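Chemist: One-letter residues, chain by chain:
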Amino acid sequence: MELKVSVKKRLATFELDVNFSCSQDKLSVLVGPSGAGKTTIIRLIAGLSKPDEGTITFNGETWVDTRNKVFLPPQKRELGYVFQDYPLFPHLNVQRNVAFAAYDESCVEKFMKRFGIWHLRDRRVNTISGGERQRCAICQNLARRPRILLLDEPFSAIDAITRKNLRTELKQLNGELRIPIIHVTHDISEATQLGDELLPVVQGRIVPRWMFQFRLKELSFRRRTDIEDIWGYNDAYDEDLEVSSL
Amino acid sequence: MDWQPIFLSLKLAAVSTFLLIILAAPLAYALSITRFAGKALVEALINLPMALPPTVLGFYLLVVMGPKGFLGGFWENVTGSPLVFTFQGIVVALLIYCLPFAVQPMKASFEKIDRSMLESAYVLGLSPVATFLRVIIPNSVSGLAAAAILVFIHSIGAFGVLLMVGGSVPGETKVVSIAIYEAVESLAYREAGLMCLVLIPISYSFLLLLNLITRRNRAWS
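So the protein sequences, as listed, match chains A and B.
In terms of my numbering, the numbers along the first sequence are unbroken and rise by one, the last being 299.
In terms of my numbering, the numbers along the second sequence are unbroken and rise by one, the last being 704.
Any given hint could be a false lead.
[Said to hold, decoys possible] Away from chain B, derived, C-beta distances all over 12 Å, residues of chain A: (1) 54; (2) 73; (3) 96; (4) 127; (5) 128; (6) 129; (7) 130; (8) 132; (9) 143; (10) 168; (11) 176; (12) 181; (13) 184; (14) 193; (15) 197; (16) 262.
[To be verified] When the alpha-carbon atoms are kept at most 30 Å apart in a straight line, the in silico BS3-like pairs for lysine-lysine are as follows: (17) A:103 - B:551; (18) B:595 - A:103; (19) B:494 - A:129; (20) A:122 - A:224; (21) B:494 - A:122.
If you are wondering where the hints come from, they were derived from the structure by calculation, not from laboratory data.
Source: prediction; values computed, not measured.
Where is the CB? At the ideal position from N, CA and C, for every residue including glycine.
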């Protein structure tokens, strides 16, 4: 199973122009500053946005081909997408949320137990914490047996301990699911820790690692406030930033 | 006291509320999610019955629904009976008269739903229609309830439009508002007063329900 993406899309301040592929078993991480176009890339993959030009193919199946006017709607792509603000369905309890689009009911309990939310099964989603909602959203997407899993900054709004546990769980899942996983983050340490493959995104382009590394080194000589301005994120250097690990 | 007009009004309100909720929900949803040139014009047209004097609306409906009007002619061709001065006729008139009272609360309720929740439903494999039924409707219950109550209350209280389109045929179009008017005209004040007295608790309890729903909705948000 391989996802191939080659798309262009005009955004407000720059043109997104990316060309990359993600293969089975690989956890690819799109890493870059806020506003670099990471979320737009996975929205294009999910079919929630249309490119101006380009193709997206998955396992030989064409999802998007602007030249031949092919566009497969998100419903037919059979993918999982964990949104940044993990929108759950407030009229359903936790278990019904997970089972909302489940492939079979038995996997609902399995995933909920694995992610430690089985005891919350009867609770309404607006009565549980952010971390619990996040796990519920992950289970909801996994229960669907997706062919590809997209994660849009899923750990950005949760505490450090939960974040660490979820990262470990995600890494394990990656080995078990044998599907391409694309993880979006602006946290460099998270990217280096999780990713089998790093796809650094700067101004709508996927840049080579050496260029990204160089850019980071260059930034590290600047004053911290400048760095924050450029990244638009002041946690980027709070956790162990190891430029060499890139 | 003649109870027939009261029962007829309740029956008319129930039928028109049921039909209008079904018909107006997709319209309100379409208005809440789409942007197109001339949307303001369409919305103003939907809201026009609120701004027009009921007799003016009733007059135009009488023309359109009469035997020579396009709606009345079509109805007569299909069913073989006229549309004006019948129960079906006043139901149609009420559907148009009460349309804004159904569309506005539902549209406001649909607009409050987080877009990313809809996108999440699409990604999880739901078609737009399934998303509407499984996500939008269950999360807009208060808006739907508010719309239903408003339509019901306005249907009970409608007078001018119904008089123009339906006249006063006992058991068919003589609803309570028309019966009260006729009782007063014939100086039967006692009968008019009794019918008014019956209407007050009905309208009051529905308004109370509307208030409770609005308050609960505000507390949730």
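Chemist: Each hint should be assessed against the structure and marked as holding or not.
Modeler: Going through the hints against the structure:
1. Here residue 54 of chain A stays apart from chain B, with its beta-carbon at least about 18 Å from theirs, past the 12 Å limit.
2. The claim that residue 73 of chain A is not at the interface with chain B holds, since no C-beta of that chain comes within 12 Å of its own (minimum 21 Å).
3. For residue 96 of chain A, the requirement that its beta carbon stay farther than 12 Å from each beta carbon of chain B is not met, with the minimum near 8 Å.
4. The claim that residue 127 of chain A is not at the interface with chain B is violated, since a C-beta of that chain comes within 12 Å of its own (minimum 5 Å).
5. The beta carbon of residue 128 of chain A sits about 5 Å from the closest Cβ of chain B, which is not more than 12 Å, so the claim that it is off the interface is violated.
6. With a least CB separation of 8 Å from chain B, residue 129 of chain A falls inside the 12 Å interface cut-off, contrary to its annotation.
7. Separation of residue 130 of chain A from chain B is inadequate, the least Cβ-Cβ distance of about 8 Å not exceeding the 12 Å criterion.
8. With a closest Cβ-Cβ approach of about 7 Å to chain B, residue 132 of chain A is found to fall inside the 12 Å limit, against its non-interface label.
9. For residue 143 of chain A, the condition that its CB be more than 12 Å from all CB atoms of chain B is violated, with the nearest at approximately 6 Å.
10. Non-interface status of residue 168 of chain A relative to chain B is upheld: no Cβ of that chain comes within 12 Å, the nearest being about 17 Å off.
11. Interface exclusion of residue 176 of chain A from chain B stands, the closest Cβ pair being 16 Å apart, more than 12 Å.
12. The claim that residue 181 of chain A lies off the interface holds: its Cβ sits roughly 16 Å from the closest Cβ of chain B, which is beyond the 12 Å cut-off.
13. With 12 Å as the threshold on Cβ separation, the claim that residue 184 of chain A sits away from chain B holds: the shortest Cβ distance comes to roughly 18 Å.
14. Residue placement check: residue 193 of chain A does not keep its beta carbon more than 12 Å from all beta carbons of chain B (closest about 7 Å).
15. Residue placement check: residue 197 of chain A does not keep its beta carbon more than 12 Å from all beta carbons of chain B (closest about 6 Å).
16. No beta-carbon of chain B comes within 12 Å of the beta-carbon of residue 262 of chain A; the shortest separation is about 30 Å.
17. Distance check on the hinted pair: residue 103 of chain A and residue 551 of chain B sit about 50 Å apart at the alpha-carbon level, beyond 30 Å; violated.
18. Between residue 595 of chain B and residue 103 of chain A, the direct Cα distance comes to roughly 25 Å. Compliance with the 30 Å bound is thereby established for this hinted pair.
19. This hinted pair does not check out: residue 494 of chain B and residue 129 of chain A have alpha carbons roughly 45 Å apart, beyond 30 Å.
20. Straight-line distance between C-alpha atoms of residue 122 of chain A and residue 224 of chain A comes to about 37 Å, which puts the hinted pair past the 30 Å bound.
21. For the given pair, residue 494 of chain B sits about 52 Å from residue 122 of chain A by alpha-carbon distance, which is inconsistent with the 30 Å threshold.
Hints 3, 4, 5, 6, 7, 8, 9, 14, 15, 17, 19, 20 and 21 from the earlier list are contradicted by this structure; the remaining hints agree with it.
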